[in-house]
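Asker: So the protein lines, in turn, are chains A and B. Be aware that the first sequence starts at 1, since it is given in our numbering, and climbs by one per residue. Be aware that the second sequence starts at 1001, since it is given in our numbering, and climbs by one per residue.
Quick caveat, the hints were computed from the structure, so don't treat them as lab data. Keep in mind that the hints are not guaranteed to be accurate.
To be verified - Restraint-style ranges between C-beta atoms, simulated for each label pair: (1) A/Arg17 x B/Thr1053: 44 to 50 angstroms; (2) B/Arg1063 x A/Gln2: 22 to 28 angstroms; (3) A/Phe46 x B/Ser1051: 21 to 27 angstroms; (4) B/Pro1061 x A/Thr45: 39 to 45 angstroms; (5) A/Glu58 x B/Ile1012: 42 to 48 angstroms.
Note that beta-carbon positions come from the ideal geometry of N, C-alpha and C, so glycine has one too.
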Amino acid sequence: DQQVKQNSPSLSVQEGRISILNCDYTNSMFDYFLWYKKYPAEGPTFLISISSIKDKNEDGRFTVFLNKSAKHLSLHIVPSQPGDSAVYFCAAKRNSGNTPLVFGKGTRLSVIA
Amino acid sequence: KAGVTQTPRYLIKTRGQQVTLSCSPISGHRSVSWYQQTPGQGLQFLFEYFSETQRNKGNFPGRFSGRQFSNSRSEMNVSTLELGDSALYLCASSSGQAEKLFFGSGTQLSVL
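Chain A extracted, bound-state conformation (with noise of 0.2 angstroms):
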């Protein structure tokens, strides 16, 4: 039962223009939500996250959106540049209760120049 899903596995993008990355989730007690970052032969680093409060959380380039209504989230990364090629994980947790992330299965981004 997967509770966070990242139905792209890969995405190719021009430099410049806009990477929209997408997830899902199933569980209604979920109220905090993480992007990571991972390159090849690395530990995923952390980008942006969001409450549950907000619906819209801005860092530089990156902004997440989070629609509860259709437990959806997105993130967008404008303008995308090569440095950004990298698997980006969805993740998900109840921020009571001490729970685990549940991360997604992660979307290959792939930004050509």
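Chain A is fixed; fit chain B onto it per the hints.
Answerer: For chain B alone, coordinates are given in the frame of chain A:
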């Protein structure tokens, strides 16, 4: 501050053997979590330790076990290795109260 350190980086074992992986968290972090990453499966949660106690456990067989020491360092053990255990094993630490996890570079385990 030093990051999360995992040793060894690479391991090759044969079926039936057992293996121990090590993780040193960020200084001051009391929570250590372990995840397994296999191609196409994302990161699957194994277990979490906080102050030497297992706080959460994922859906893995009993062959997978772990422990945490008083200095917050953690070890993960896999006994009777199977081919399907070949994966990248990631350790992550947090302060225990924070939402974010900080990951190490992982141990790539190959079972032949």
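Asker: Indicate, hint by hint, whether the structure satisfies it.
Answerer: Consistency of the hints with the structure:
no. : hint                                    : in the structure
1   : A/Arg17 x B/Thr1053: 44 to 50 angstroms : holds, 48 angstroms
2   : B/Arg1063 x A/Gln2: 22 to 28 angstroms  : holds, 23 angstroms
3   : A/Phe46 x B/Ser1051: 21 to 27 angstroms : holds, 23 angstroms
4   : B/Pro1061 x A/Thr45: 39 to 45 angstroms : violated, 30 angstroms
5   : A/Glu58 x B/Ile1012: 42 to 48 angstroms : holds, 44 angstroms
Of the numbered hints listed earlier, the single one contradicted by the structure is hint 4.
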